Amino acid sequence: MQRIINGFLRHRIIVVIVFTMLTVLGAIAYPQVKVNYSFADYLPKDAPSVIALDDMKASFDAGVPNARLYAEGINAVQAERLADDLADVDGVDEVMWLGSVVDTKTPAEIQDADTVSSWKTDKGYLYQLTIDSSKLVDAVPEARAVAEQAHATHVTMAGDGVTTAEAQGSTATEIMLIMAIAVAIVIGILLITSHSWFEPVIFLIVIGVAIVMNMGSNIVLGEISFVSQICGAILQLAVSMDYAIVLLHTFRRVEKEMPGATPVEAMAETMIRSFTVILSSAAVTFFGFLSLTVMRFGIGVNMGIVLSKGIVFSFLSIMLLMPCLILMFLKPLNALEHRYLMPSFSRFANAAIHIALPAALAILIAAVPAYVAQERNDFIYGAADFVQPGSRLKSDADHINDAFGRSETWVIMVPEGRWADEQAVIDDVERLPHVTDVTSYITMAGRAMPTAIVPGDQLDQLISHGWSRLVVSMDVQTESKDAYALVPEVRDTVARHYGDDYRLVGTAPTT
Numbered sequence: 001m002q003r004i005i006n007g008f009l010r011h012r013i014i015v016v017i018v019f020t021m022l023t024v025l026g027a028i029a030y031p032q033v034k035v036n037y038s039f040a041d042y043l044p045k046d047a048p049s050v051i052a053l054d055d056m057k058a059s060f061d062a063g064v065p066n067a068r069l070y071a072e073g074i075n076a077v078q079a080e081r082l083a084d085d086l087a088d089v090d091g092v093d094e095v096m097w098l099g100s101v102v103d104t105k106t107p108a109e110i111q112d113a114d115t116v117s118s119w120k121t122d123k124g125y126l127y128q129l130t131i132d133s134s135k136l137v138d139a140v141p142e143a144r145a146v147a148e149q150a151h152a153t154h155v156t157m158a159g160d161g162v163t164t165a166e167a168q169g170s171t172a173t174e175i176m177l178i179m180a181i182a183v184a185i186v187i188g189i190l191l192i193t194s195h196s197w198f199e200p201v202i203f204l205i206v207i208g209v210a211i212v213m214n215m216g217s218n219i220v221l222g223e224i225s226f227v228s229q230i231c232g233a234i235l236q237l238a239v240s241m242d243y244a245i246v247l248l249h250t251f252r253r254v255e256k257e258m259p260g261a262t263p264v265e266a267m268a269e270t271m272i273r274s275f276t277v278i279l280s281s282a283a284v285t286f287f288g289f290l291s292l293t294v295m296r297f298g299i300g301v302n303m304g305i306v307l308s309k310g311i312v313f314s315f316l317s318i319m320l321l322m323p324c325l326i327l328m329f330l331k332p333l334n335a336l337e338h339r340y341l342m343p344s345f346s347r348f349a350n351a352a353i354h355i356a357l358p359a360a361l362a363i364l365i366a367a368v369p370a371y372v373a374q375e376r377n378d379f380i381y382g383a384a385d386f387v388q389p390g391s392r393l394k395s396d397a398d399h400i401n402d403a404f405g406r407s408e409t410w411v412i413m414v415p416e417g418r419w420a421d422e423q424a425v426i427d428d429v430e431r432l433p434h435v436t437d438v439t440s441y442i443t444m445a446g447r448a449m450p451t452a453i454v455p456g457d458q459l460d461q462l463i464s465h466g467w468s469r470l471v472v473s474m475d476v477q478t479e480s481k482d483a484y485a486l487v488p489e490v491r492d493t494v495a496r497h498y499g500d501d502y503r504l505v506g507t508a509p510t511t
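full-length UniProt numbering puts the sequence shown at residues 1 to 511.
Mixed in with the good hints there might be a few duds.
Straight-line alpha carbon distances no greater than 30 Å define the calculated BS3-like cross-link-like pairs of lysine-lysine that follow [unchecked claim]: (1) Lys45 / Lys57; (2) Lys34 / Lys135; (3) Lys57 / Lys123; (4) Lys394 / Lys123; (5) Lys34 / Lys394.
Simulated restraints, written as ranges between beta carbons of each label pair [claimed, not checked]: (6) Ala351 / Ser395: 46 to 54 Å; (7) Ile234 / Pro263: 27 to 35 Å; (8) His151 / Ala182: 45 to 53 Å; (9) Arg253 / Ile4: 43 to 51 Å; (10) Ser395 / Thr106: 29 to 37 Å; (11) Ile234 / Arg296: 19 to 27 Å; (12) Met342 / Val24: 22 to 30 Å.
Don't read these hints as lab results, they were simulated from the structure. Since this is a predicted model, take the numbers as computed values, not measurements. For every residue, glycine included, the Cβ atom is placed at its ideal position computed from N, Cα and C.
Please put together the full structure from these sequences, using the hints given.
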């Protein structure tokens, strides 16, 4: 091992060049890594909601509506033209509006008032859009622009798709801000705990190289979750900094113990002494992160791979690159030495020893209510609940909710052709609390109208590949007790007529 270490240290310029090249490659690859913002894509493949979602994708071009657009200041003719224009936006798979459920040429006096009020106010028209999740970033602003070009005086948009598009557009900026804050905190801590003003520079270079290599190497995974993207770099910075501190402090100690040794000899001894300590610590963290891969929820697998891979890169950077950098920058490290700025904690240590038993008892007692409280935590999965108060997304959502009420949309798929059972399901579902509307082939065309005379583009939205599609609208918040309470009620209602031969898709059924 001594010979290998000496070889690395003798060829430290080559080592630095190799790490520089790998860092450049990582920086080039990082922007190419695809980020997945959908929790649904990470659910177990055998979960009923995933099977339902896969069947819907295979049978219908459109999925579950994920955006609402409210265009004010337009008349009926402009509203119909806008519906056609929105359908032409790249990424918009389906558009539903008042004209999708009633004949807009029929006098308003003989139309169902509740149905009309669900889609139209005195100020404008509401549109439900189903947008391809891979095209949200471009499709959402384009849909807004199309509505504005249609002479709408005020355009607002809300929904999971809109929130996700905003998140995708701002994630890179948010990550940079988070990293800047984290780095500033780390620098502050290092400055008061180090012995040289130049030590934080070495630490940040080494950890930064490891982070860039890790994030760039994610390209081999095909895609990563947005959780892995946001947390990966921060966690890698946090858990890897200790390894770097151990190496440098060991080097300082070896220098004092071996006053006649050259810097290279001292560093070689440092690497030998610290190898086992750093490897042990890194291994514990590595296998801790790797344990996430046994989760059935796919985000755990993705995070486990990304984070454990980051530990490997950090270990290699600290054990190979950092010794070379220390030797190369030894002069500024020594020239910028300062006295140790941290105060003595001897009094605190003595006090801690004296109160050790009561403190331990207090912690054990506090653990009981803490355990009970953690079981009462509520977790959110839908993008709509990530909206910040005071943001445009929040004000737009409130504006639409004030005009039309809250709206959550699910899709029920039942076998085609069993019209009596389908009508019974529609009637029963419409009687459930919070259900405001059910749209299907029957509600739009009626059982008596043969499917052969219905235009193909309209028919394919509601009947395809042996399935009949029912779009259910509810006045509940996406992730709420009311929404979750409706899931078993809807399942039981459909099961009474179709047994297990149905599919239910939506945010609440999925989460």
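Verification of the supplied hints:
Distance hint between Lys45 and Lys57 is fulfilled; the C-alpha atoms sit about 14 Å from each other, no more than 30 Å. Under the criterion of a C-alpha separation no larger than 30 Å, the hint pairing Lys34 with Lys135 is consistent with the structure, at around 13 Å. Note on Lys57 and Lys123: the hinted pairing is violated, with a Cα-Cα distance of about 35 Å set against a maximum of 30 Å. Between Lys394 and Lys123 the alpha-carbon distance is near 20 Å, which keeps this suggested pair within the 30 Å criterion.
Distance restraint check for Lys34 and Lys394: the Cα-Cα separation of roughly 27 Å lies within the 30 Å cut-off, and the hinted pair is therefore satisfied. Taken as a hint, the range 46 to 54 Å holds for the pair Ala351 and Ser395, whose Cβ atoms sit roughly 52 Å apart. Between Ile234 and Pro263 the beta carbons are some 33 Å apart, a value that agrees with the proposed interval 27 to 35 Å. Between His151 and Ala182, the C-beta spacing of about 47 Å keeps the proposed range 45 to 53 Å intact.
At roughly 22 Å, the beta-carbon separation of Arg253 and Ile4 lies outside the given 43 to 51 Å, and the hint is violated. Separated by about 35 Å at the C-beta atoms, Ser395 and Thr106 satisfy the suggested range of 29 to 37 Å. Separation of Ile234 from Arg296 is about 25 Å and conforms to the stated range, judged on CB atoms against 19 to 27 Å. The hint said 22 to 30 Å for the Cβ distance between Met342 and Val24, and at roughly 37 Å that hint is violated.
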